[in-house]
Amino acid sequence: MLLLLLLLVPLAAAAGSFLARRREVMEAINLSSAVVTFTLSLLLARSTAASRYVAELGDLLYADSLSALVVLLVSFVYLACALYAIGYFRDDEKSQVFEQDVLGEVLIGKLRKYYALTPLFVFSMLLVALSNNLGIMWVAIEGTTLASVFLVTFYGRATSLEAAWKYVIIGGVGLSMALFGTILTYYSAHEVLGTETLAGLNWSVLVTKAPLFDRTTMRLAFILILLGYGTKAGIAPMHTWKPDVYSEAPVPVAAMLAAAVLNCALYGLLRFLILTSRCVGPEFGSNLLILFGLLSMGIAVPFILVQKSFRRILAYSSIDHGGIMVLGLGFGGPLGVLGMLLHMTFHSVTKPLMFFCAGNIQQHVGTDLFKKAKGGLIHAMPVSAALFLMTTLAVTGSPPFSLFQSEFTVLRAAFAAGHVWPAVLFVAFLVAIFAGFLVHVAKLVLGPDPGLPPADTCAWKKYTLLGLAGVVVVMGFWLPSPLYALIQGAAQIVMEVR
Amino acid sequence: MYFYQDPQFGERMITLMAALVLVLQIAMVAQRWIVTNIRVFAAQSFLLAGIANTIAYFNHAPHIYFAAVMTFLIKVVFLPIFMERLVEKIEIRQEIEPLVNVPLSVLISGGLTMVGYVVAESFYHPESGPGAATLGHNTLAVAVSLFLIGFFMMLNRRKAVTQVLALLSLENGLFLAAISLTYGMPLVVELGVFFDLLVATMVLGILVYRIRETIDSMDVSKLRRLRG
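Just so you know, the protein sequences line up as chains L and U, in that order.
Letter 102 of the first sequence, counting from 1, is numbered 102 in the numbering used here, and no numbers are missing.
Letter 219 of the second sequence, counting from 1, is numbered 717 in the numbering used here, and no numbers are missing.
What the hints contain is simulated information worked out from the structure, not anything from laboratory work.
Keep in mind that the hints are not guaranteed to be accurate.
[As the list claims (entries may be wrong)] Okay, derived cross-link-like pairs now, DMTMM-like style, lysine to aspartate or glutamate, Cα gap no bigger than 25 Å in a straight line:
(1) L:LYS110 - L:ASP91
(2) L:LYS462 - L:ASP449
(3) L:LYS110 - U:GLU711
(4) L:LYS113 - U:ASP504
(5) L:LYS110 - L:ASP368
Put together the whole structure using the sequences plus the hints.
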C-alpha cells in the first residue's frame, strides 16, 4: 500500500487544487499533501531498511534503498517548497508582479495552475523512483518535463516562453535519445529473456540477467542513456536550457528543478549504469562519466566568474554540482559511489535554501541583476541576506558544511582510483567557483546601507528560511544514523555489481 | 502455402514499406510548405502503422496490433489535424525557410542514411537464427536513419512548428526501431510513450501559439534574449 499511497497522495492533491476556488484552500491542500508525502517517504525508508525491497501492484512498483533515498529527497524538497510558496506568492501578489503578464491571466487562475501542476510534477518525480519498469521510468521522466513546462511560463513574460521552449525542445531531443537507449537495452536483454511480456523491462528481472546481455548493444545503449538522462540532469554540454529555465521559473519551481529533478535524472542514469557495469564491466563508462563531469564543472567556472544575475548563477552552480555527482560515479569504487550519494543528499538539503534566499532578495529589490541591486542588503533584509551568504559558503563546499564532506569523499575516491589529473582539475574548479561565488554574493550582501525599506516581514517565508537553515547547519555536524544507513544501503545496491 | 502466409513475403513487404518511410523522410527535408510537410508526416505514420500490422500478422504478436491502431489514431489522424489547425490559427507564412538550402540538405540526409546503415550493421547477427533482428535488418537501418535525419531537421529549421514536426518524425524512427528490433515494447510502456507523445505535442502547440502571440514571430532564432 505504501508505494501506491505515495503516488496517490500528490495526484489527489492535484485534483483537489484544480477544483478549489480559494487561495487558502489550495495552500492547505498543497501543504498537507507535502507533509503526508514526506511522512510516507520516511516510512518507506524504514521499510526498505528492514527488508531488501518492497514491491507492489504485481511488480509494477518497486522500491529498494536507492529508490527510497530519492523519494525521501524529492519529498523533502517538496515540503520545503510548499512551505515557502505560500509566502512567496502572497508577496508576489502584493508587488503586483502578475500584472506584467502579456497573456492577461487572472490571479486565481495563475495560483490554481501552480497548486495543481506542482503535485503532478511531484507525482511524476516519485514515479521515476518507484516504477520497476525502465520504460515507465522513461515515461515518468518525460512527464516531469511536461508537468513543469507551464510552471516555467508562470509569469507569462516573453522571456519565460523562450525558456520554456528551450526546455521542452532540448529536453525532448535528449529524452528521445534516452528512449532509444531503453529500446536497445530491451533488445540486448531480449534474447536472454525471450519474452515479449510485461516483465521484459522490469528492473528486478533485468538486474539478475545483466551479465548475459548482448555487449555491443549494451554499450551503445549506455552512451545514449548517458546523453539522454544527462540532458535532463543538465550535464554539460547539454546544459544550455538550465540557466534560462531556472531564472524564469517561479522560485519554488526552480528549487524543485534544481534539487529534485536532478536527482531523478541521475537516478535513471544510475539504474542503467548498474546494468551496464554488470554486463560489460565497471571500467566501461567510467572515462565518459569523468569527461562529462569535468566538462560540467569547467563550463560552470567562467559563467560563475562573470555572472550578472543572482538567479542564473544558481543554475551554473547546479550544473557544477551535477558534474560533481557524475564525477563521483566516474571515479567509482565504494568511495566514489558513497560520495556521489552523499553529495546528492546534501545538495538537495542545501540548494532549496539558496533559491529561497535569492527569491526573497529578488522580490524585495525587484531585479535579479547584481549591478542593480547595489549591495548592502544585510541592512534592509538581515535574515535573507545573511542566510544567502551562509548558504553560499555551504554550497561552494566550505567546512563545516556538509557538502565539504561529500566533495572530500569524491576527491578521495579519485586518488583511490589513481585519477590524479582529474582530481587536480576537480580541486582547481572547486576553488575557482568558490572564489567567484563569494565575490559576487559578498558584494551583494555586505557594504554600506543603500537605504532600502526593511523587509522580511512575511512569517511564512522567514520561518521556512530559518527552519531550513537549521537543518543545513545541523547536517554539517551530525548526519542522523538512519539516514546514513539508508545512503549506505543505496551505495551497496550500486556497488554490488561494480 | 498461400503467399500471404509466407514469411518471406512478409519480410519483403516490410522492407518495401520501410524504404518508402525513408523516402518520405527525405521528402520532408526537401519540402518547402508546412502543410505539405504535415501531410507527408501523416503518410509516413500511416506506413509505420502498416509495418506494425505486418509484423504483428507474420510473427503472431497480437499486442503489436494495438501499437498499430494507436499509431493510426494518434499520428495519422489526431496530430496532423491538430497541427494543421494550429498553422491555420497562427496564420504564419507557409514557407519553411531552412538554414541550409534544399539540395545540400538532401545530400546530407543521404549521408546520414549511410551512417544509419553502418550503425545497424553492428546489430546484425545472422548466426543467431531468424530472430526479430534479422527480420528487421533493413528496417533498423531505416530507423536509425530516420532518427539522424530527424536530428538534422531540428537543427536546420527555424520556425517553431517545423521543429515540432522534426521531433515527431524523429520519434517515428524510434517507433520503427522498437517494433523492428523487439516486436515492440511491453504494452504498458507503449501506452505511456504514446501518452507522452500526445501531451508533448499539445504542450508544444500551446507554446507555439503563445510565442506567436507575444513576440509576433514564429522564428525561434529570434528567441535570443536570455544569454550568459
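Results for each hint:
| no. | hint | result |
| --- | --- | --- |
| 1 | L:LYS110 - L:ASP91 | 14 Å, holds |
| 2 | L:LYS462 - L:ASP449 | 21 Å, holds |
| 3 | L:LYS110 - U:GLU711 | 18 Å, holds |
| 4 | L:LYS113 - U:ASP504 | 56 Å, violated |
| 5 | L:LYS110 - L:ASP368 | 22 Å, holds |
Hint 4 alone, counting from the list given before, is not met by this structure.
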